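Chemist: The residues making up each chain are set out below.
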Amino acid sequence: MSEIVDDIKFIDEEGKRIDGRRVDEMRPLKIEAGVLKRADGSAYLEWGDNKVMAAVYGPRECHPRHMQNPSRAIIQCRYNMMSFSVSDRKRPGPDRRSIEISKIISEALENVVFTENFPRTSIDVYIEVLQANAGTRVAGLTAASVALADAGIPMRDLVPAVAVGKADGHIILDLNGKEDNFGSADLPIAMIPRTGEVLLMQMDGHMTMEELDLALSYAKKACQEIYDIQRDALHRRYASQAGTEDDNDDDDDLPDEEA
Amino acid sequence: MIKRTVVPGEEVAVAEEYMPDRGTYESDGRILSALAGELELDRDNMVARVLASNPMNILKEGDSVFCRVTDVRASMAICDIQGVEGKDRTITGETSGTIHISKLSSEYVQEVGREMRPGDLVRAKVIQTVPSVQLSTQEPHFGVVRALCRKCRSPMILKGRSLRCEPCERVENRKLADDYGCVDF
Numbered sequence: 000m001s002e003i004v005d006d007i008k009f010i011d012e013e014g015k016r017i018d019g020r021r022v023d024e025m026r027p028l029k030i031e032a033g034v035l036k037r038a039d040g041s042a043y044l045e046w047g048d049n050k051v052m053a054a055v056y057g058p059r060e061c062h063p064r065h066m067q068n069p070s071r072a073i074i075q076c077r078y079n080m081m082s083f084s085v086s087d088r089k090r091p092g093p094d095r096r097s098i099e100i101s102k103i104i105s106e107a108l109e110n111v112v113f114t115e116n117f118p119r120t121s122i123d124v125y126i127e128v129l130q131a132n133a134g135t136r137v138a139g140l141t142a143a144s145v146a147l148a149d150a151g152i153p154m155r156d157l158v159p160a161v162a163v164g165k166a167d168g169h170i171i172l173d174l175n176g177k178e179d180n181f182g183s184a185d186l187p188i189a190m191i192p193r194t195g196e197v198l199l200m201q202m203d204g205h206m207t208m209e210e211l212d213l214a215l216s217y218a219k220k221a222c223q224e225i226y227d228i229q230r231d232a233l234h235r236r237y238a239s240q241a242g243t244e245d246d247n248d249d250d251d252d253l254p255d256e257e258a
Numbered sequence: 000m001i002k003r004t005v006v007p008g009e010e011v012a013v014a015e016e017y018m019p020d021r022g023t024y025e026s027d028g029r030i031l032s033a034l035a036g037e038l039e040l041d042r043d044n045m046v047a048r049v050l051a052s053n054p055m056n057i058l059k060e061g062d063s064v065f066c067r068v069t070d071v072r073a074s075m076a077i078c079d080i081q082g083v084e085g086k087d088r089t090i091t092g093e094t095s096g097t098i099h100i101s102k103l104s105s106e107y108v109q110e111v112g113r114e115m116r117p118g119d120l121v122r123a124k125v126i127q128t129v130p131s132v133q134l135s136t137q138e139p140h141f142g143v144v145r146a147l148c149r150k151c152r153s154p155m156i157l158k159g160r161s162l163r164c165e166p167c168e169r170v171e172n173r174k175l176a177d178d179y180g181c182v183d184f
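As given, the protein sequences belong to chains A and B, one line each in that order. Position 169 of the first sequence, counting from 1, maps to 168 under numbering that gives the first Met the number 0, and the rest follow consecutively. Position 97 of the second sequence, counting from 1, maps to 96 under numbering that gives the first Met the number 0, and the rest follow consecutively.
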């Protein structure tokens, strides 16, 4: 195992990474909102080799009733990896890791949704990872916030999230699978670009203070980029919807003009 | 009136000029959108509001809802509201409503159990939402739209002004909607 780690060179002489990216360059990100018909809101996201689907239901009456909060809505999140999402078959069902991720994502979202407007209800967020290649929790959170906005749920802002890490002694943005497995630190972070508010931050591995500052500056820049893609996804969704509405209006107008 | 599409967190106005209304909120002297939808800057009242493109389904007075009777008490029938007629989205918030004996029919009702039974599907009108959801079936268009036989649970068929169960040849009474049996869900 250690041989493999020694063999991999994460940054070459030109400062390029194993997939050809610069250290502060993100993998290509694509988001589409409103992909599922039966969910109240949904989003599909492709981020490098990650493929994530998020669906939102609610706010709806909360069951079991003892989990209701009389003053606000609760956000129940389920992050799930499909058994075929990784190269070894993942044993299906919730495990320690996915329960933790569900918890931190729902806590991050509770900070942006106006939960106090919907007492005693539950907002259910389902995140399905169809294909995983490092950074699925930030991909899941990014998709979930677009799905929430698509569901027409009032929220303070969209939540972009990105992972920063360290490999070969370099701070690198948006780790891919190999960098995540054999790198020396991983720092997923969710930040609202408008306010600089951090909604999620975890770290495994070690970083010095200087490295952490650099990592945060990369994350901030990347979050702004992701935020713009999230906004664009919602704009595209509603532009297409407005287009069909306009068509209907035209149809309605015609008979009137004839009359 | 200025209209454009906005997303949550987008700045729509400044607080000195407009007041936040539905779908917007104030933060640091700026008015921001809370929803993805159409922005409306109302110059008459100087309020900024955003109408969601995919609005939540919040019950309001006058809505026509379909509900299932879960319990029949001495003075009321308790129902579980399944959905609002003509809307796909599930209801946001409380789904349990009550039909008081006085709001059940335009005629005199001696006993709730003679007009509605648990399991019946009812079309009702929302007459109150706060503090609890109250429903009414007084108008002719409101009432039971699908009922099951008390004995064999098979669907009852309308015969004249009462309901008949074919297998056990029983007749039951209900407060019927005027289109009993021809409602498409």
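Be careful, since some hints might not be right.
Below, computed lysine-lysine pairings styled on DSSO-like, alpha-carbon distance capped at 30 Å [unchecked claim]:
(1) Lys36/A with Lys86/B
(2) Lys59/B with Lys36/A
(3) Lys124/B with Lys36/A
Hints were generated in silico from the structure; no laboratory data involved. Computed from a predicted model, the values in this text were never measured in an experiment.
Chemist: All hints, please: hold or fail.
Modeler: Verification of the hints:
In summary, the hint linking Lys36/A to Lys86/B is supported, as the alpha carbons are separated by about 14 Å, within the 30 Å threshold. A distance of roughly 25 Å separates the Cα atoms of Lys59/B and Lys36/A; the hinted pair therefore holds under the 30 Å criterion. Distance hint between Lys124/B and Lys36/A is fulfilled; the C-alpha atoms sit about 28 Å from each other, no more than 30 Å.
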